Amino acid sequence: SEKDAKLYPAWKPETVESVRRELESFVGGVVDAEGGLKALLTDTTVHADANLAALYGLPAAGKAAVAQRPGVLSRAFFLASHAHSRNGSPPLRGHAIMERVFCATLPPPPDDADTSNPADAADASKFTNRELFERRIAPSDCNACHVVMDAFAYPLEVYDAVGGHRTTDNGKPVRTETTLSGTDIDGGYPDLTAMASAMTGSEQVGVCMGQHLATWALGRKLDLETAPDTCLRDSLGAALARDESFVSVLGTLAVAVASAD
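Just so we're aligned, residue 1 is where the sequence shown starts under this note's numbering, counting upward by one.
Please note that a few of the clues may not be correct.
Restricting the straight-line Cα-Cα distance to at most 16 Å, the calculated cross-link-like pairs of lysine to aspartate or glutamate (EDC-like) are [unchecked claim]:
id, residue 1, residue 2
1, K63, D43
2, K12, D49
3, K221, E99
4, K172, D123
5, K38, E203
6, K126, D169
7, K172, E131
8, K38, D243
9, K63, D49
10, K63, D32
11, K38, E244
12, K12, E2
13, K221, D234
14, K63, E24
Don't read these hints as lab results, they were simulated from the structure.
Predicted model only: the values in this text are computed from it and were never measured.
With these hints in hand, go ahead and build the complete structure from the sequences.
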């Protein structure tokens, strides 16, 4: 997405291409190393060219383990794609995690929802980005949904609108603690590393990833009202939640697709 050139002068078309390639290299590396869901969500390996090294604050291009980059949710492509031009967005990032990682069905916002950027407020410089969004969702008619959705994204507040890592925001320490609800891993987590680690053992996450894989392999949306599609999704999900490798799961999926034909 477009970013504020004054705040992020390094965010250029070539940088966008670099973060896209890094995500592809990361996922490809997980598969090639016969990793599974745990590696996808927690591995800290970064494949950085010169553009990405500058964005990530690395001394040089190359392959390296970077503690601040646990798993796919910490990568600039995901973070920048779900952010505003000047600041990250807990609703956008939280929505993406719920929809793509947990396969949750979310209701549309009400017609009168205020979707403006809280960073545009006159007093925005007095608050961290998280505080601005917490203030926005404080009314009861907003809080019921956002308290669940935004919680997934608060650990991502250590990353700015282009995915750069930070420890302060408007001169204040960045708060990454969160409390998840409505999942099979409900509870409090201090940061992304802890939350992502919990996700690796989530049956909901495994089933959701199984659904994505089956949809891709079959070339169609799954009919979850029928036993064959539901059983396929659930069996793949159980294997992923056990941290079986993607190579193994894809092999199982190939057999299932061939049998269906």
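Note to self: Would the hint linking K38 and E203 be met if the CA-CA limit is 16 Å?
What the structure shows: OK: K38 and E203 at ~13 Å, within 16 Å.
Next item on the list: Below or equal to 16 Å on CA atoms is what counts here, so check K172 against E131.
Entry: At roughly 11 Å apart (the allowed maximum being 16 Å), E131 and K172 satisfy the hint.
Notebook entry, point to check: Is K172 close enough to D123, meaning Cα to Cα at most 16 Å?
Noted result: holds (15 Å)
Checklist line | Hint consistency between K63 and E24 [alpha-carbon to alpha-carbon, up to 16 Å] | finding: Cα-Cα ~14 Å, so holds.
Check: Holds or violated: K38 with E244, Cα cutoff 16 Å?
Finding: holds (9 Å)
Check: Is the Cα-Cα distance between K63 and D49 16 Å or less?
Finding: Given pair K63, D49 holds - Cα atoms ~9 Å apart, limit 16 Å.
Margin query: Check whether the Cα positions of K38 and D243 lie no farther apart than 16 Å.
Written below: holds (6 Å)
Notebook entry, point to check: Has the given pair, K12 with E2, been kept, meaning a C-alpha gap of at most 16 Å?
Noted result: Answer holds: K12 to E2 is near 9 Å, not above 16 Å.
Next item on the list: Would you mind confirming whether the straight-line C-alpha gap from K12 to D49 stays at or under 16 Å?
Entry: Holds, because 14 Å separates the two Cα atoms, which is no more than 16 Å.
Check: Given the hinted pair K221 and D234, is their alpha-carbon gap at most 16 Å?
Finding: holds (15 Å)
Notebook entry, point to check: Within 16 Å, alpha carbon to alpha carbon, are K221 and E99?
Noted result: Holds, at about 15 Å.
Checklist line | 16 Å limit on alpha-carbon distance, applied to hinted pair K63 and D32 | finding: Distance ~15 Å between K63 and D32 Cα, so the pair holds.
The structure meets every hint from the earlier list without exception.
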